[in-house]
Every structure is written in C-alpha cells, then in structure tokens.
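Undergrad: Letter by letter, the chains look like this.
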Amino acid sequence: MPTDMPPSSITDDCRIAREQAQVAQKEAAAAEEEFNTASADLDLDPFEERTVKARATKRVAEHAKAAGHAARKAREAATRARAALRVLGERASDPAAGLRNLANAAADDADAAFAAAEKADEFRKKAISTFAVVEELEVKEFFETHKEQIFARLEECDRIAQAAPTNSSMTFIAESLPIIHSIIQVGTNRPTLHRASQWVRDTWGDETDPLITLSALLFIYVANEGAKEKKGDEGWERINERVQKLMRGP
Amino acid sequence: MKIDLQVCNPSGHPRSGHVTAPLERLGVKGVAPGPVTVTAGSKRLSAQVDQVVKGDPSSRVLSILLPDPVGAGDPNYAPPGFKVTLDTAASAPAPAGPRLDVVRTNCVASGVKLVNERLTVWFNLVPSLDQPEQHWYAGAATSVILDGAEVLDPNPFVQKHDWEKRCMQLDRVRLPQLDVYLAGQGYELVCESTGPVRATFTAASQPFIYHERRPFAASRALTCRVYRNISLYAGADYLVEELFVQGTPADAPNAVVPLTFIPRYFAYVNAPRLHCSRFPERPDWFGIASLIPPFPSLGFATDVHSGPVVQPHPGYPIREGEEKTLSWELFPCVHARCAHLFMRPRPSVREMWPNETYQQYELERADEARRICEDRIGSLWYAEIFKPLGLQRS
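Listed in order, the protein sequences are those of chains A and B. Going by our numbering, 89 is the number at position 89 of the first sequence; the sequence numbering is gapless. Going by our numbering, 274 is the number at position 274 of the second sequence; the sequence numbering is gapless.
If you're looking for bench data, these hints aren't it; they were derived computationally from the structure. Where hints are given, some of them may not hold.
[To be verified] Below, in silico cross-link-like pairs of lysine-lysine (DSSO-like), each with a Cα-Cα straight-line distance of 30 Å or less: (1) A:Lys126 - A:Lys231; (2) A:Lys228 - B:Lys387; (3) A:Lys73 - A:Lys230; (4) B:Lys29 - A:Lys140; (5) A:Lys147 - B:Lys113.
[To be verified] On the chain B side, residues computed to face chain A include the following (Cβ under 10 Å): (6) Lys83; (7) Asp87; (8) Asn270; (9) Ala271; (10) Leu291; (11) Ile292; (12) Pro294; (13) Val310; (14) Pro312; (15) Pro314; (16) Gly315; (17) Tyr316; (18) Cys333; (19) Val334; (20) Arg337; (21) Glu362.
[To be verified] Just the calculated beta-carbon pair ranges, DEER-fashion: (22) A:Lys140 - B:Pro207: 35 to 41 Å; (23) B:Arg350 - A:Asp202: 31 to 37 Å; (24) B:Gln159 - A:Asp233: 51 to 57 Å; (25) B:Glu351 - A:Glu32: 41 to 47 Å.
Glycine included, each C-beta is placed from N, C-alpha and C at the ideal position.
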C-alpha cells in the first residue's frame, strides 16, 4: 500500500472545484439577466414580446440547470480533495499545509457554487410562475374571458376557508383546486397539454408530476393577477399569501 | 287482508335502509301498484308496490323503507327477523319521495329525470341529444348531478361541458351468434312509478329478431327486447338496475323466453387521470376515480361477475378524448342486478409537513380519494347486491 497519495490529484480536484464554482457564478448571473429580460415590459408587438419572454424564460431554466450541475461538480471535487487529504494525513506525519489550505478553499468554493445555483433556481421559479405557464398552456385568452367568474369562485373559497375551524390555508387550496384544474381542462387542448407536460418534465425532471405542477403554477398566476387587479383587498392579499406555499418544490 | 312479513338482516351489525322483494315470491296477489300500508307494530313505514314489466302482474315488487336499524340476524336469512305487516286493504297516503319526470317529444318519451334529495340523473331514451347529427346517446345517463355539481364533467364552466359525457350506457348486448348494438336505437318507456321509497322506470329496447338454436328442437325465431329497470331510492347517491332480455316466439305471443346474454357498459367521464380500482379476486365491483380534484368518481357493483375495465373503449371514433372512455362486460347471465354509484370523495385537509413538497401532499390526497372510492363501492356491493336486507313471509 502506498504510504502517501500523490498531491497532484488533490490540487487537481481543488482546481476543478474552483473552476466549477466560477461556472456556477457565471450561470447564476446569466440566469438573473435572462430573468430581467423575461419580466421587463418590452416595447414590442404582443406576439414578438411573448416569443422573446418565452425564450428568455427557457434560458433562465437552462442557466439554472447548468449552475446546479456545476455546483454539484464543485462539491464532488471538494469532497474528493478532502478525502484524499485525510488519507494523506493518516499516512504522513505532516501533510503540506498548503494542500490543507487548498482543500479548505475548495470546500468554500463548492459552498459558494451551491449558493449561486440556489439563487439561479429562485430566478427560474419566479420566471416560470409569473408568466411561462400561461404561455405554455395557451390559456391566457380563456382566463381573460372568464376572469370574473374565476375570481368570484376563489373569493367564495376564501370565505369557506375563513369559516373552517382549522387548516384554513389548505382548506382554501383544496376548495379552489377544482376551478384551477378546470381552467386547464377546458381552456387548453390535448396537444397543448402534452407539450406543456413535456416542458414541465424538461424543466423539473421526470419525477415531477406535470398536472400537479401546471395547476400549482397556474394557481400562482391567477392569484397574482387577482391581487394585482384587486389591489389593497384584504381577501386577495390573503389568497396570494396562501398560494405562495405551493412554490415549495418541485 | 293483513300479511305478516319478516325483514331479515344477514349482517352481524344493525342495518337500516330499504328492502325489496317480488310479490310473487312473497305469495301475495292482487295488490295494485302504488303506495301501500306497511306497519311495524304501531309505526307506519313508507312502502310501495311497483310493476316492472307492463302487462305482467307477476313482475310487481314491494319496497319498504326502514328508517330505524334492524338488528343483526342469520347470514343465510333464516328467521326470525324484524316483523312488519302488509295491509292490502288499507289505503295509504302518498308521502313525497324521489321524483320521476318524463319528457316527451312528439308523444314519444325522449328521456327520464330521476330526482331525490342528493341526486338528479337525466337518462336519455332516444339516440340524439339536441344535435340531430349526434345519435349515439340512447340508454345513457348524460347528466348526473350529485349534491348540486355535475359528476361526469366537474368543470364549473357549464357552457363548456363536453357533449360526449355519459355513463350507464348499455353499448352492446351479446347473445350466441348475435351482437346487438343499442346506443343508436331508442328505448320505449314501458313502466314508470314513484312513491315514498323509490322512483323507478323500465325501458325496453327496440325489438330485434333472434334465432334461438335449441339442442333437442328446431331453432326458432324470437322477438326479443332488452329490459332495463332503473330505480332511485330516497336519500341514495346510487341507482339500482335490473337487466334482462326476454324473447317471444312468433307462434306463442304470450310466452316469455328468458335469454342468456352478455351486456357491455360504456362510460365517458370528462375528468383527467381516471384510475380504475378493480380487484380480480372480487370481480363483482370496481371503482373509477379521477385522481385530480374534485375527484369525481363512479362505482359499479353487480351480482354477476364483471370482466376487466377497458380504457379507452375499443373502437371509440374520436381520438381527442378517448382516454376518458371506459367499457366493461359482465359475465353471461339471464338476469343482472347492478348498482351505479356516484361520488366526489373528500380527502382530509391538513397542513403540509415542514419538508413535504406540494406534489407529495397532492399525491397523498389523491391516494386517499381513491381509497374512499374503493371503500364506498365495496360497502355498497355488500349492502345492495351481495347481502341486501331480505323480506320473506312469516
């Protein structure tokens, strides 16, 4: 058994961790830039604006995914470096202090990479929740046509939830979900729903349930629109706050 | 004349509900259809007699509503049971019960609406709805409203309801060497009655000729009809159906020949993610639940075995929506008693756990809805089909 590990593998891993951390930072910055494009008021023709925003939203997701990937690679490299350093420490009486510092720095880089990846993921979620789902499902027109009916139903659900002795937030969600699902069922068609489901799987992974995710995102969109339209209404502020819970994963 | 009867409860626990028995089996004759007087001691019970087949007094059935539980009894219906007395001489008031409204177009009954406290079902007797070019709705329940909301299309945008939605449709009846397709043929309303216990009607398909082969005699031509007797009981969220095929020989028009047949049911439920819960070791019932809120669900139970549920229905012509179609065949039978249950299970509402994602939460609720559906249809099969309350003469 060798009495010491070649220090070059530790330095390589530390270098990889630093590089991947820089990649993660860059991807996170790019995600933020794309998000700003996707959420800005562009002075364009509506169809063109929709296309630009949809593309920007997709790129936010791509950058977030790349940032996450880089962060994972950085952490793996940092872990390898630390493990190699431990073995070296057991076998040699005094491993080079420089190597130890490098490994610690690699661990810090990996943490920073993860922080960047999380930030990028937040931008991704915000971008998607704000408008992408309506574009993917092609229900904007249906929603605009039936907005008053939908808002009235949600207000009714809010009254039911307020009267519930416990679990008023989840009672509101349970009572309102049928109307949200019906917007998807009635407002879209089978090919569009299939494409939107694929978009969910591409964005969040194959383990994600497309219908549940689409309904959650649409719910957030509807709640946002209602809160915007009925600004200052205590009921709608309450509705919006309850619906934000749905942002917890995927 | 006072006739003593006994209500037998085959279960190990007290049960209330309704009990039904053919008058012929009870040895009772001469009782006209309508409300009748039945007493349990000094207490008057809601009861009625219905005629199932027109012109056939032997098809009369007595139904009694038992609001108070009857104690546990012998699982094989052995006496003693709960004593009730039928008074054929006394007149009975007609208290309100489930309602039956017949809609006629050009003197032909085009549909029947059954209404009770919870359920409103529209049953189409003719092939078309409002559009003449759509002519495949005969024998289907095209609208089922439970507690104020449509089950077959739960979306609240009523004007956007799917025209294809329907259930309980007898799509095909199979006899030896003959398949009869019924969706495009009208039904004739042959009997109808209401009372305090139930609203019931019998519809008969258009006659068709069947050449019956007999092993020790020459084959003969029979004029056959498929009979469907459908009942809605007071307070129930399900319909009970009795199904049989009868033929009449050309040379003996008063003779009735019961035939063995295989019925096939069809349903179209405009709800996403339909899940069928069927247990092969118990092929007499199954549940179909949508796993998306508000979880509209159907249940089916029968006293003859049911084959597997096929989804989508084979040969359904409209590709968009085929995933919403289902069909199933029963085993060969001479007479089938079926229950069609409608539900909207309400899973419990709780706060999400700290590390629980919304997806996990919703999937658990959907699973609970499915289990509620299974539990309900299994219980109904037991209570209505497998071990119903029994009625016999003392």
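Undergrad: Hint by hint, say whether it matches the structure.
TA: For each hint, the structure was consulted:
{"no.": "1", "hint": "A:Lys126 - A:Lys231", "result": "holds, 20 Å"}
{"no.": "2", "hint": "A:Lys228 - B:Lys387", "result": "violated, 58 Å"}
{"no.": "3", "hint": "A:Lys73 - A:Lys230", "result": "violated, 46 Å"}
{"no.": "4", "hint": "B:Lys29 - A:Lys140", "result": "violated, 67 Å"}
{"no.": "5", "hint": "A:Lys147 - B:Lys113", "result": "violated, 33 Å"}
{"no.": "6", "hint": "Lys83", "result": "violated, 45 Å"}
{"no.": "7", "hint": "Asp87", "result": "violated, 49 Å"}
{"no.": "8", "hint": "Asn270", "result": "holds, 8 Å"}
{"no.": "9", "hint": "Ala271", "result": "holds, 8 Å"}
{"no.": "10", "hint": "Leu291", "result": "holds, 9 Å"}
{"no.": "11", "hint": "Ile292", "result": "holds, 5 Å"}
{"no.": "12", "hint": "Pro294", "result": "holds, 4 Å"}
{"no.": "13", "hint": "Val310", "result": "violated, 20 Å"}
{"no.": "14", "hint": "Pro312", "result": "violated, 13 Å"}
{"no.": "15", "hint": "Pro314", "result": "violated, 19 Å"}
{"no.": "16", "hint": "Gly315", "result": "violated, 19 Å"}
{"no.": "17", "hint": "Tyr316", "result": "violated, 14 Å"}
{"no.": "18", "hint": "Cys333", "result": "violated, 37 Å"}
{"no.": "19", "hint": "Val334", "result": "violated, 42 Å"}
{"no.": "20", "hint": "Arg337", "result": "violated, 34 Å"}
{"no.": "21", "hint": "Glu362", "result": "holds, 5 Å"}
{"no.": "22", "hint": "A:Lys140 - B:Pro207: 35 to 41 Å", "result": "violated, 54 Å"}
{"no.": "23", "hint": "B:Arg350 - A:Asp202: 31 to 37 Å", "result": "holds, 32 Å"}
{"no.": "24", "hint": "B:Gln159 - A:Asp233: 51 to 57 Å", "result": "violated, 28 Å"}
{"no.": "25", "hint": "B:Glu351 - A:Glu32: 41 to 47 Å", "result": "violated, 33 Å"}
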